[in-house]
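**Q** All chains should be modelled from the sequences, with the hints used to inform the complete structure.
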Amino acid sequence: MKDSIIQEVRATTPLIHNLTNEVVMNFSANGLLAFGGAPVMAKAKEEVEEMAAAADGVLINIGTTSLTELEAMKLAGKAANKKGIPVVLDPVGVGATSFRQDGVRQLLQAVSFTAIKGNAGEMAQLVDIPWETKGVESVGDGNVEEIAAKVAKLYQTTAIITGKTDVICSNEKMIHNTTGHAWLEKITGAGCLLGSILTACLTTNYSIEEQALTAVQFYGLAAEHAAAQSYVYGPGSFLPAFIDALSLKSEQLERS
Amino acid sequence: MKDSIIQEVRATTPLIHNLTNEVVMNFSANGLLAFGGAPVMAKAKEEVEEMAAAADGVLINIGTTSLTELEAMKLAGKAANKKGIPVVLDPVGVGATSFRQDGVRQLLQAVSFTAIKGNAGEMAQLVDIPWETKGVESVGDGNVEEIAAKVAKLYQTTAIITGKTDVICSNEKMIHNTTGHAWLEKITGAGCLLGSILTACLTTNYSIEEQALTAVQFYGLAAEHAAAQSYVYGPGSFLPAFIDALSLKSEQLERS
Amino acid sequence: MKDSIIQEVRATTPLIHNLTNEVVMNFSANGLLAFGGAPVMAKAKEEVEEMAAAADGVLINIGTTSLTELEAMKLAGKAANKKGIPVVLDPVGVGATSFRQDGVRQLLQAVSFTAIKGNAGEMAQLVDIPWETKGVESVGDGNVEEIAAKVAKLYQTTAIITGKTDVICSNEKMIHNTTGHAWLEKITGAGCLLGSILTACLTTNYSIEEQALTAVQFYGLAAEHAAAQSYVYGPGSFLPAFIDALSLKSEQLERS
Numbered sequence: 000m001k002d003s004i005i006q007e008v009r010a011t012t013p014l015i016h017n018l019t020n021e022v023v024m025n026f027s028a029n030g031l032l033a034f035g036g037a038p039v040m041a042k043a044k045e046e047v048e049e050m051a052a053a054a055d056g057v058l059i060n061i062g063t064t065s066l067t068e069l070e071a072m073k074l075a076g077k078a079a080n081k082k083g084i085p086v087v088l089d090p091v092g093v094g095a096t097s098f099r100q101d102g103v104r105q106l107l108q109a110v111s112f113t114a115i116k117g118n119a120g121e122m123a124q125l126v127d128i129p130w131e132t133k134g135v136e137s138v139g140d141g142n143v144e145e146i147a148a149k150v151a152k153l154y155q156t157t158a159i160i161t162g163k164t165d166v167i168c169s170n171e172k173m174i175h176n177t178t179g180h181a182w183l184e185k186i187t188g189a190g191c192l193l194g195s196i197l198t199a200c201l202t203t204n205y206s207i208e209e210q211a212l213t214a215v216q217f218y219g220l221a222a223e224h225a226a227a228q229s230y231v232y233g234p235g236s237f238l239p240a241f242i243d244a245l246s247l248k249s250e251q252l253e254r255s
Numbered sequence: 000m001k002d003s004i005i006q007e008v009r010a011t012t013p014l015i016h017n018l019t020n021e022v023v024m025n026f027s028a029n030g031l032l033a034f035g036g037a038p039v040m041a042k043a044k045e046e047v048e049e050m051a052a053a054a055d056g057v058l059i060n061i062g063t064t065s066l067t068e069l070e071a072m073k074l075a076g077k078a079a080n081k082k083g084i085p086v087v088l089d090p091v092g093v094g095a096t097s098f099r100q101d102g103v104r105q106l107l108q109a110v111s112f113t114a115i116k117g118n119a120g121e122m123a124q125l126v127d128i129p130w131e132t133k134g135v136e137s138v139g140d141g142n143v144e145e146i147a148a149k150v151a152k153l154y155q156t157t158a159i160i161t162g163k164t165d166v167i168c169s170n171e172k173m174i175h176n177t178t179g180h181a182w183l184e185k186i187t188g189a190g191c192l193l194g195s196i197l198t199a200c201l202t203t204n205y206s207i208e209e210q211a212l213t214a215v216q217f218y219g220l221a222a223e224h225a226a227a228q229s230y231v232y233g234p235g236s237f238l239p240a241f242i243d244a245l246s247l248k249s250e251q252l253e254r255s
Numbered sequence: 000m001k002d003s004i005i006q007e008v009r010a011t012t013p014l015i016h017n018l019t020n021e022v023v024m025n026f027s028a029n030g031l032l033a034f035g036g037a038p039v040m041a042k043a044k045e046e047v048e049e050m051a052a053a054a055d056g057v058l059i060n061i062g063t064t065s066l067t068e069l070e071a072m073k074l075a076g077k078a079a080n081k082k083g084i085p086v087v088l089d090p091v092g093v094g095a096t097s098f099r100q101d102g103v104r105q106l107l108q109a110v111s112f113t114a115i116k117g118n119a120g121e122m123a124q125l126v127d128i129p130w131e132t133k134g135v136e137s138v139g140d141g142n143v144e145e146i147a148a149k150v151a152k153l154y155q156t157t158a159i160i161t162g163k164t165d166v167i168c169s170n171e172k173m174i175h176n177t178t179g180h181a182w183l184e185k186i187t188g189a190g191c192l193l194g195s196i197l198t199a200c201l202t203t204n205y206s207i208e209e210q211a212l213t214a215v216q217f218y219g220l221a222a223e224h225a226a227a228q229s230y231v232y233g234p235g236s237f238l239p240a241f242i243d244a245l246s247l248k249s250e251q252l253e254r255s
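Protein sequences, first through last, are from chains R, H and D.
If you count the first sequence from 1, position 163 lands on 162 in numbering that gives the first Met the number 0, and the numbers rise without skipping.
If you count the second sequence from 1, position 15 lands on 14 in numbering that gives the first Met the number 0, and the numbers rise without skipping.
If you count the third sequence from 1, position 187 lands on 186 in numbering that gives the first Met the number 0, and the numbers rise without skipping.
Simulated from the structure, these hints should not be mistaken for laboratory data.
Positions of the beta carbon are idealized from the N, C-alpha and C atoms, including for glycine.
It cannot be assumed that every hint is accurate.
[What the hints assert, rightly or not] Below, simulated SDA-like cross-link-like pairs (lysine to any residue); rule was C-alpha separation at most 20 Å, straight line:
no.	chain 1	residue 1	chain 2	residue 2
1	H	Lys185	D	Gln6
2	R	Lys73	R	Tyr154
3	R	Lys44	D	Gln105
4	D	Lys248	H	Lys81
5	H	Lys81	R	Thr96
6	D	Lys133	R	Ala10
[As the list claims (entries may be wrong)] Which stretches of chain H does chain D cover? Using the computed rule of at least three CB atoms under 8 Å from a CB of chain D, they are:
no.	stretch
7	86-96
8	214-221
**A** So, in structure tokens, the structure goes:
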């Protein structure tokens with residue numbers, strides 16, 4: 000983890016245009032604000048190009064998308080590509096319905112993504128590897144590195160697969176991260192907020208491997224820190240403590 | 000209350016497809032996760048049938064619905080009927096506008112609901128009994144049992160009327176519950192989240208009377224437990240404590 | 000600050016129809032409930048006139064608006080004007096895109112607003128004064144009183160500009176407020192919830208200058224009170240404490 004990436008985010012407060020799902024909008028905005036970014040949400044197709052062009056990074060998350068929103072996501076993604084700013088895809092529950100599969104296929108054709116982030120089930124779907132899922136959750140078991148390598152190669156991107164061990168494949172390098180806490184699976188939107196924070200880290204002047212690793216490692220340390228607080232009793236009280244932890248300095252989160 | 004119902008939910012983590020309002024999506028997802036279910040939200044009409052067919056139960060809540068979403072709700076409800084999984088209706092604020100009355104009428108014609116849950120004002124509206132409401136709140140006074148019996152009979156369903164005393168009418172039996180706490184009325188979405196938790200309980204192998212009573216009784220006990228914590232000072236701090244309480248075992252919530 | 004305004008809100012629990020953005024719906028509903036109002040959210044164009052006509056006040060916030068929602072906002076605003084109840088505009092991020100500028104222009108033509116509330120960048124945009132913004136945040140510097148005076152005059156309204164010092168211009172009077180806390184800028188929706196609480200205060204029987212000042216002053220004192228609690232460690236734990244504080248009596252919030 001490079002602390003200088005976290006510091007750069009906080010010094011520049013990058014504007015992140017979030018085209019994300021309705022379940023997590025509030026949590027993502029508060030989490031990104033705590034971390035040091037500046038969130039903006041806008042999804043009307045009439046304004047997304049202008050908003051994306053004014054932003055420092057764009058996040059596209061299909062969790063509750065519709066045909067109308069998919070159009071807006073394509074426009075925002077293309078505008079990000081044109082401006083040369085990072086654009087991240089979070090293909091939430093892509094395996095759950097053919098509508099999501101079609102939508103993600105269209106997004107992948109229209110937009111060149113700087114990074115694609117998902118759980119193993121979602122990422123396996125993108126490269127036609129069988130994997131067991133349940134709704135938007137990944138419950139299968141298999142070779143995660145193989146999936147990450149295939150996603151990275153096929154879509155010419157950085158692939159980030161979250162799980163007990165996070166696996167990042169970027170420029171043919173395979174990177175692992177083991178920070179994190181089980182309570183991240185007991186709250187909604189943990190993966191979604193990570194997408195926003197990852198996008199913020201991608202706006203800094205470091206290699207994408209360092210940026211991606213720093214995002215997932217810091218995020219996991221913040222979860223561990225929050226879970227360890229004496230006033231955290233369950234997933235409900237974990238939520239505000241986790242937002243608090245995202246605002247801390249790297250050294251305050253280090254494992255002792 | 001049958002603790003074995005709670006245990007079965009936690010052992011099977013039923014996938015609940017929530018077609019619910021935008022105000023409560025995050026709270027409902029976190030509450031259902033804490034309780035032991037697996038929430039999924041999807042509302043595009045192109046995917047709701049497939050999502051409902053993959054789920055173990057479907058919740059339909061009209062709190063912020065639109066014509067487009069009503070179409071999706073009908074499709075999801077029919078898919079649930081076809082698969083034979085429970086489907087619950089929460090007719091939020093149905094008396095407030097003729098648009099909501101028409102929408103609920105259409106839903107009731109298209110879908111056979113396993114249970115209908117609402118406050119007295121909403122349920123009275125479904126059987127043309129006069130009742131005073133204010134926005135989406137019920138402020139009237141009258142014979143709640145009569146309303147429950149009429150809803151159950153007219154719609155061939157289990158009727159659950161929430162209030163200071165919850166009244167359940169199922170298979171001509173009238174059941175009462177008095178667990179709960181006044182702070183549930185000072186937070187938004189308390190009734191909406193109960194709808195999701197009720198749907199999860201309806202996926203278990205017990206009689207519907209036991210399932211419905213267990214859902215409302217456990218929910219009320221969790222509220223009492225949360226309100227009694229020393230670090231709960233008002234409706235704001237009640238929220239995370241309540242989510243925490245929903246994750247506890249039945250015996251941890253029993254009144255002493 | 001007139002405590003009797005707060006007391007009147009709590010005695011009458013005015014029904015506030017919120018046409019607001021998806022990011023803050025839950026936070027706004029919980030905050031308004033804690034304060035003493037009764038929130039209702041409805042945005043389908045088929046029902047907004049009826050809902051607004053049943054309400055005591057209407058809030059219009061364009062944070063994540065679309066063409067469809069803009070239509071509904073105009074209908075709700077006109078219904079409020081027809082009934083003679085207060086209607087408040089929060090032109091979130093109006094300067095960010097031409098779509099928002101057009102939308103707000105349409106709203107200002109169709110509806111006579113009782114009050115317009117925004118940060119300096121948003122309010123400057125309404126009267127064509129140059130101001131630096133970043134997404135939906137105001138980062139510029141300049142003569143805020145001049146902006147408030149111009150907005151009030153041009154739109155025949157009460158102008159409320161939030162910031163380190165809040166500036167209210169109403170009936171040619173200029174009023175200032177300095178309550179508040181820096182953490183309001185580290186959470187999403189602080190300005191949006193203030194819009195809902197302001198609308199509730201505008202339903203009381205006092206002068207609009209007293210109503211507007213009371214709303215912003217009480218709100219800022221609640222933030223100061225929350226931030227001072229020993230169990231508030233960051234923006235995450237500030238959130239529930241702030242909701243708690245909004246439910247307190249004025250005298251519990253007074254600066255010592």
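**Q** A separate judgement is required for each hint: does it hold in the structure or not?
**A** Quick rundown of the hints versus the structure:
1. H:Lys185 / D:Gln6: 17 Å, holds
2. R:Lys73 / R:Tyr154: It holds: about 16 Å lies between the C-alpha atoms, which stays within 20 Å.
3. R:Lys44 / D:Gln105: 18 Å, holds
4. D:Lys248 / H:Lys81: Answer violated: Lys248 (chain D) to Lys81 (chain H) is near 53 Å, above 20 Å.
5. H:Lys81 / R:Thr96: 18 Å, holds
6. D:Lys133 / R:Ala10: 15 Å, holds
7. 86-96: With 3 residues in contact (Cβ-Cβ under 8 Å with chain D), the coverage given for the stretch 86-96 of chain H holds.
8. 214-221: Since 0 is below three, the answer is violated.
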